[in-house]
Amino acid sequence: MTADIHTTPRPATPAPSADAPTGRSRRPGRFGVHIFLMAVTLAFLAPLLLAVYASLRPYEETARDGYFSFPKSLSFDYYRQAYSDSGMGKYFTNTLLIAVPAVLVTLFLASFVAFAVSRLRIRGGMVLLMFFTAGNLLPPQVLVTPLYVLFLKIPLPWWMSDSLTLYDSYWAIIIVNIGFQVGFCVFVLANFMRTLPQEILEAAIVDGAGVWTQFWRITLPLCRPALAALGTLEFTWIYNDFLWALIFISNPDKLPITSSLNNLRGQFFTDYNLLAAGSVLVALPTVLVFLLLQRHFIAGLTLGSSKG
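Start counting the sequence shown at 37; every next residue gets the next number (the working numbering).
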């Protein structure tokens, strides 16, 4: 006696397509990308790591054994010496008096122009944007002599400048940095504002919002990631600037932090380990600003890529 056995046929497993990537094919490619990114990162960090390594070692040891030798002793003595010998506290204050107002005013003015060009649809908006962008193509060295002569002839009251002119004052460095950086910020913010939904402003207009409300309470909060990214970049550029201070400031007590490293160079001998410690101290504020604004900085760089 036989029993009929009915088996349910299994659905056929579709064969993997030739174009579909498999796990095995993806792994070598991703591994190679990771190796390449690690190599590039190490290449960029190598000078900084070497400076930190040299600043922790005595100069006599590196002069005898070389900078790539194994250390016999490590200490932070050079950092204390670099801070005290160069007078970095005073120069840090000078730099903040220049960089912070310059960054804030640059972003404030650039956001105004970018809003007018990208959201208000004014006549000649594209020409105005091209004008601000073209300003970035002008070499700063071309304007050194005209600005030097101009600043000597612009008077200022005694409470704004000891020299009674725009020359040899913080105002000269602030104005120059604003003039050269506002064009780049306008270009970035205008393109970022164009990615914002137009329906938001249309709804605000229907509700009776004026131009100031559209700018200050609606558009500007949405541009926070872009403003944070630009603020980080602008602070780094203005903080590291040395050209304008060297030209427009004659009083040594008003020079920014980048000039303090010259105080660590001797007339006949330079301790490069001490100079490395001073360089690391000078770079710390920009690293701190990036760490504080890291989340907004990365969001500002990547947010526009997901917009239609």
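Keep in mind the hints are simulated off the structure, nothing from the lab.
What you are looking at is a predicted structure, and each value in this text was computed from that prediction instead of being measured.
Where a beta carbon is used, it is the ideal one built from N, C-alpha and C, also for glycine.
Keep in mind that the hints are not guaranteed to be accurate.
[Unchecked claim] Derived pair list, reagent style SDA-like, types lysine to any residue, alpha-carbon separation capped at 20 Å: (1) K290 <-> P175; (2) K290 <-> F223; (3) K290 <-> W195; (4) K126 <-> L269.
[What the hints assert, rightly or not] Label-pair distances were calculated between CB atoms; the ranges are: (5) Q117 <-> V323: 19 to 29 Å; (6) T169 <-> R100: 36 to 46 Å; (7) T169 <-> D121: 19 to 29 Å.
Status of each hint after checking the structure:
Between K290 and P175 the alpha-carbon distance is near 25 Å, which puts this suggested pair outside the 20 Å criterion. Of the pairs offered as hints, the one joining K290 and F223 is violated, with about 32 Å between alpha carbons and a cut-off of 20 Å exceeded. A C-alpha spacing of about 15 Å is found between K290 and W195, which places the hinted pair at or below 20 Å, so the restraint holds. Between K126 and L269 the CA atoms are separated by roughly 24 Å; this puts the pair beyond 20 Å, and the hint is violated.
For Q117 and V323, the hinted distance range of 19 to 29 Å is satisfied, since their beta carbons lie about 21 Å from each other. For the pair T169 and R100, the supplied restraint of 36 to 46 Å is violated, since their beta-carbon distance comes to about 54 Å. For the hinted restraint 19 to 29 Å between T169 and D121, the CB-CB distance of approximately 44 Å leaves it violated.
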